[in-house]
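Please build the complete structure, drawing on both the sequences and the hints.
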Amino acid sequence: MRALRLILTGWRFHVKSLTLSAFFLLTSAIQPILFATMAYFMFRAGSTEQSLLYVALGSGLMGIWSSTLFGSGGAISWQRWQGTLEVSIAAPAPFVLVLIPITLATATIGLYSLTATLLWGKLFFGVPFDLEHPLLFLLSIPATIVGLGMLGLVLAASFVLYRNANAMSNLLEFPVWLVTGLLVPLSLFPGWVEPISWVLAPTWGVRAIRDAALGGGDPVGAILMSLGLAVVYLGIGTVLIGYFERLARERATLSLT
Amino acid sequence: MTHVRVFFIGGYIAYRALFNWMHPSYYIPTMLGAPLFQILFFAYIGRYTGLKDDAFFVVGNAVQLSAMAGVYGMAMTIGGERWTQTLSPLLATPANRLALFLGRSLPLIANGMVTSVFAFGVGWWLLDFELAAESIPPLAAIVLVSAVACTAFGLLVGAIGLRARDVFFLANLAVFSLLLMCGVNIPLDAFPGWMEAISRALPLTHGIEAAREVAAGAGFADVDHLFWTELGIGVFYGAFAYALFRFFEADGRKRATLETM
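Those protein sequence lines, which keep their order, are chains A and B. Note that our numbering has the first sequence beginning at 3, numbered continuously upward. Note that our numbering has the second sequence beginning at 278, numbered continuously upward.
If you're looking for bench data, these hints aren't it; they were derived computationally from the structure. Just to be clear, a hint being listed does not mean it is correct.
Claimed, not checked - Where chain A lies over chain B, by a calculated footprint (3+ residues, C-beta under 8 Å):
1. 309-318
2. 324-337
3. 446-460
4. 464-475
From the three backbone atoms N, C-alpha and C, an ideal C-beta is built for every residue, glycine too.
What follows is the structure, encoded as structure tokens:
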């Protein structure tokens, strides 16, 4: 119960804090609108018959991934720069419970992307917002956020080893947009790409949201996969965080950038 | 002689010190890795939508990527000095401002060229893109002039950064706007008239158009009007940025707001 309260309070605090950041405003609202505009023009001018709602949802998910990637990937580095890392680790609560609200908040901020791309599409490109399964659509969003938030935990834990976490985030933005089928179906890629997509939460998130919105597919299965992956990521993230925390304490390298 | 030293040595040191891009752990993911996937991303959207062939996206993105270093780098030249609280001491020196900032632009232009060459290589290696040997010299000239124009545009962003609170935000916005507006991935005729008019006034647009024609087999003489237009746009942005910089510098001194974050 105390752990849940800590996660909830931390999540609310970090959502508010990230909402005030110009960088996250850019990543989670402006950048997705610019990419969505590009995608609208490309799909409209191209010869493929594809609904613009498909494009709006994919572009929104791109924004969720970007905010998770940059926010979670740099979570520990930012705490270091702000001088709050030692305090957070010294707190009685396990460090992983301090980190989870941050990574969940970075994924939650991505909801601005989805909202922005849908509104933008509706206002300027006449994208209809007719949902096939409204209830499943509503369920698919938190499932996607949890999946990406927990993937963020693994990123936060992994990037701690890498001094230039920001550079790693720069590298991983486009490839994950590609291999998770956010705008381009996986059938266009070589066969070896598909197994990679299975272990990435955005793949199931976009399937859940898109299938619920447009119909077809298996939105329930995708929601369950998203939540299942979240549990796996949580396990991996907890082990990694515990290991790195112990190592940093032993070597007294917590505050070293 | 002092101006020349400020131009070359100052530019080199500023590049190393401010951007840290020379370190492989930063340079490779940011300046080579991300561009590789950017090209693949748009080329695959192009394939899926049936909009254009791979060459359209390879050329558009390879030329646009030459701009990335210029815009971010020049914006950070000023933003970074402000961030590290070294802007006031820098502006207190008698160093010639033109030599100071043009010197800083030189490594960025070279960096843009390297990224662009890499991007063309990626297109040739992984996508359906061929380039005749005789097209390489005119293409190199076009990429160079596009990188110069974008670096001048970056200086404008940096100059605005003397007054604006968050220059990094502006730089990101500028790069993404160029990606959207300059015909990198969308043919200009797909835009409404007002967007096309804006794109014609931005750096990159004419450079990309010229590069596409050259890559398709045209000679330099066929695209020289686009080349000179791109250069003219670059000179305009550079001059405007310099004037704006001097104005904001003088104003910042008067109001003591040079390093207000």
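Taking the hints in turn, this is what the structure says about them:
no.	hint	in the structure
1	309-318	holds (count 6)
2	324-337	holds (count 5)
3	446-460	holds (count 7)
4	464-475	holds (count 3)
Violated hints for the displayed structure: none, as all numbered hints are satisfied.
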